[in-house]
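Each chain, letter by letter, is given below.
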Amino acid sequence: MMGRPATRDERYVAWALWTLAFVALWLTESAVGYTRDESVYFAAAEGYAGWFRQLFHSPAKALTDAAIVRAWDYNHEHPVLMKTLFGLSHLLFHDTLGWMRSATAFRLPAFALAALVPALSFLFGSALYGRTAGLFAALAFMLVPRQYFNAELACFDLPVAALWLLVVYCFWRALEDTRWGIACGVAFGLALATKHNALFLPFVLTPFALWRAWTASEGEPEARAWLLRFVGVFSAVAVFYGLLVLSLGGGEGFQKKFLLLSPHTLLFAGLAAGGAWTLKGLEKVSAPVTRALVPVAAMAVLGPVIFYLHWPYLWHQPVDRTAWYLAFHAKHNHYAWFYLGTLLREPPFPLSYVLVKTALTVPTSLFAPMVTGFVALAARGVLGQLERTRAWVRPLTMAEVLVGANAVTSILIISHPQVPHFGGVKHWFPSMVFLGLLAGQAVSRGCGALVERLKERWPSLPGVAVVTGVFALLLAPALVYSARVFPYGTAAYSELAGGAAGAATLGMQRQFWSSHVTGVLPWINEHAKPGARLFLHEVHGGSFRDYQRNGMLRPDLRAVGSPFDADIVAYQYHQEFREYEFQTWQSFGTRTPATGLYLDETPQVVVYVRPESR
Amino acid sequence: MLVALLALLFHLRLPGKLPSEASYRAVAERLQAEARPGDAVLLFPWWAERARLFLPPSLPVYGYLGSDRDDLSAHPRVWVLGQPELPRSDEDAFLASFLPERRAVGTATHEGPLSLALYENGRHRPRRFNAADLVSRARVYLESDDGARQPCPFDGTAHRCPGPGNVYVAREWHEILYEPRRCLWMPAPGGARRLVAELDGVPGDVGLRLEGGIIFEYAFPRDAQLTPAVLGVDDAASGARLLEVAIAPGQEGVKKSEVHLPPGEARTVKVWVRSQNPDRRAVCLDVLAVEPAVGVKG
Chain A
0 MMGRPATRDE
10 RYVAWALWTL
20 AFVALWLTES
30 AVGYTRDESV
40 YFAAAEGYAG
50 WFRQLFHSPA
60 KALTDAAIVR
70 AWDYNHEHPV
80 LMKTLFGLSH
90 LLFHDTLGWM
100 RSATAFRLPA
110 FALAALVPAL
120 SFLFGSALYG
130 RTAGLFAALA
140 FMLVPRQYFN
150 AELACFDLPV
160 AALWLLVVYC
170 FWRALEDTRW
180 GIACGVAFGL
190 ALATKHNALF
200 LPFVLTPFAL
210 WRAWTASEGE
220 PEARAWLLRF
230 VGVFSAVAVF
240 YGLLVLSLGG
250 GEGFQKKFLL
260 LSPHTLLFAG
270 LAAGGAWTLK
280 GLEKVSAPVT
290 RALVPVAAMA
300 VLGPVIFYLH
310 WPYLWHQPVD
320 RTAWYLAFHA
330 KHNHYAWFYL
340 GTLLREPPFP
350 LSYVLVKTAL
360 TVPTSLFAPM
370 VTGFVALAAR
380 GVLGQLERTR
390 AWVRPLTMAE
400 VLVGANAVTS
410 ILIISHPQVP
420 HFGGVKHWFP
430 SMVFLGLLAG
440 QAVSRGCGAL
450 VERLKERWPS
460 LPGVAVVTGV
470 FALLLAPALV
480 YSARVFPYGT
490 AAYSELAGGA
500 AGAATLGMQR
510 QFWSSHVTGV
520 LPWINEHAKP
530 GARLFLHEVH
540 GGSFRDYQRN
550 GMLRPDLRAV
560 GSPFDADIVA
570 YQYHQEFREY
580 EFQTWQSFGT
590 RTPATGLYLD
600 ETPQVVVYVR
610 PESR
Chain B
0 MLVALLALLF
10 HLRLPGKLPS
20 EASYRAVAER
30 LQAEARPGDA
40 VLLFPWWAER
50 ARLFLPPSLP
60 VYGYLGSDRD
70 DLSAHPRVWV
80 LGQPELPRSD
90 EDAFLASFLP
100 ERRAVGTATH
110 EGPLSLALYE
120 NGRHRPRRFN
130 AADLVSRARV
140 YLESDDGARQ
150 PCPFDGTAHR
160 CPGPGNVYVA
170 REWHEILYEP
180 RRCLWMPAPG
190 GARRLVAELD
200 GVPGDVGLRL
210 EGGIIFEYAF
220 PRDAQLTPAV
230 LGVDDAASGA
240 RLLEVAIAPG
250 QEGVKKSEVH
260 LPPGEARTVK
270 VWVRSQNPDR
280 RAVCLDVLAV
290 EPAVGVKG
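Protein chains in written order, with numbering that gives the first Met the number 0: chain A, 0 to 613; chain B, 0 to 297.
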């Protein structure tokens, strides 16, 4: 496995893809409603931006823990890289320059990160499997409706998928250029600063680094010795940390004694120094082994440092607040989730959930090449292990295994029956990026075979015509499906599911996150009496404010928290929330809705009006 | 590529399978003209509730997860409003649940992709008494172990008891395992006390039926501190226990129990609910006096 730099043409295409994705997201975002989380992040971002103002005007005051907590305590369940970017973008483009509406300004950095996915997919796919594969992977990713929908949001799921891909890309490039190893560490730090998914990256990448270092040091005893020293340093630090935990009476004691000057920080410094020392030694004897290990050392050192530095909330109390953050995600709530006719409320969740949900949501014409690409990879892996069948297949390269491993990592993590299963498909987006690459490879090979066959009959047939035709055929259903369901991304179900209607019959979650309320806001604006009280079920109070702030909801309308206090109710169809609709029947004395948002007949948002207020 | 072609075909054909407003209005007009008092509409597939926008408000519309199997025993006739052409609509499976003890009346009509068929409901059980209809005339009180009573006076909408604001008796819409039910809200008051509603006029020679459950999300938890909700019906004069149902924590759905009352004078019954720990024991129930199912004629 060797990385390779992108050619000039590839860089141009990658930039074009980034621009295309960024512009498409920007042009279409105004139709997308504000999800429950997004309005929290809007508010957090605005608060964080306020702190930067304070930092500019009175830095000494801003840097006190009291000022930091005041500004950064809100939504400290997540690191702040993206929220800070949202806030600064809002401060610049909305507050200062007034170039765009509030929500667009918040979302702009998310578009920039999401647009990295097609660009990097193209670069990585082109280098590994050829440009046809890279281009297909890039286009296919953005034509999965749920992925496009999430790319529109000022949230973290697409950004962390983009950064996951960037880390892997840097890791792979580091095999031919040491500087990319440092970049890998920086990208990992940024990924950690985006969302906790990134914590799993070292576990995926380190085995590949060691594999590469081991094979590259074969026949070079000195390099092998330095490799073992490198491993020894990391293992020793891990063992010492383990002993420290035990000697301090467990995690709590470890946390309490973790001070600036403590064995804990000393061990970290030792790791950095030991890593640097062994890499210096290695550099003199083997460049390939050094290049393989630099990303590991960079991730180990730069990751935590960037994570700490990017988050002011950690500056005065790094240990306790990081521990709280990690514990929050380790014990995350389970939200009710409707799946194949059953309301899942608590673990254990079905092992097949992630696979089934992916199959039922990714456009089938894109899902099929993902499956064939992955199955071909796995089959080659298995057949290559057996002596009798080894000759039948090309041996897998480390790069191919790297893509395969990343394609399954997030899926395997979320498939664990004890892991929360809400949130549709967004929690395994990092896998989808790599499945897209495998789909690209499958399509590219298919195109190659087709061109060969067709050229037997029509020798002058240009290959690009065949590829264009195949792309058009495979991408057209996804494009139609994307256009049909937009902007209601959490209701997107594939042809295999039978669309939204088929999924409703299968008993799948109709939608979630409340953003589909945009489908009924124009009706409410037109029909609500002045000052009417609205119960927008499931819509976060912040989202209500944001709809008004962005001109999507009349400013005179007032939010209330129950159907009993409301003149108009917009009920979001969730299987677990049926009681709210029946409370509305009770309160309004009618079971007849006034209007609603129905996608392919499936109720998404149902609107009731109190009879006397019509 | 075949998959892509099929996918494209799916998208091209889908719009033709979706009903227009005009189709719904035509169905609504027919129901307005032909439906009789007591009729109901059942949706197939169960989730296709857009129909509610158009159908006459006077006509009860049933469509919830599990409604295919609902006896709809209050209704002598049922109109099935179906969309058999929708993706994954399985009409055979629907009919396998729906058809037993029912008979089609005439032939189904079609308005675009909508189908409308009338059925005689052999599972209909004529009502002779429904506690929820008579709730305003009930005598409601909290009753202690020793028989002491604290009255819950009727304020025009509900019988409100002293203590926590949710302890009252009224007819309300609630969800029990996805099913909308207009039932008697009778939450357990806690401790050894029972919440009691005394109702007169239960006739003899009928099936006395108790149906009840814990509403909304409160049924699901199985926390150790939760206690079973016990609901029952006693004969007020003799004190004899006629019906009793216990709903353990974690038990979802409507629990049912029935006893045949001997012929004789109309009697007064005490409908009651209790649970040691009132937390999440939010009971909604029905007490009905019903005749046997009418069955299918011919």
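Don't take every hint at face value.
Chain A regions said to be covered by chain B (calculated; three or more residues, Cβ under 8 Å) [what the hints assert, rightly or not]:
id, stretch
1, 356-369
2, 465-475
3, 495-508
4, 569-582
5, 598-607
Pairs of lysine to aspartate or glutamate residues, derived as EDC-like cross-links and limited to a Cα-Cα distance of at most 20 Å, are as follows [said to hold, decoys possible]:
id, chain 1, residue 1, chain 2, residue 2
6, B, Lys16, B, Asp89
7, B, Lys16, B, Asp69
8, B, Lys254, A, Glu345
9, B, Lys255, B, Asp234
10, B, Lys254, B, Glu178
11, A, Lys330, B, Asp222
FYI, nobody ran anything at the bench for these hints, they're computed from the structure.
The beta carbon of each residue, even a glycine, is placed where N, CA and C say it ideally should be.
*List in ascending order the numbers of the hints, as given earlier, that are violated by the structure.*
Per hint list: 7, 8 violated.
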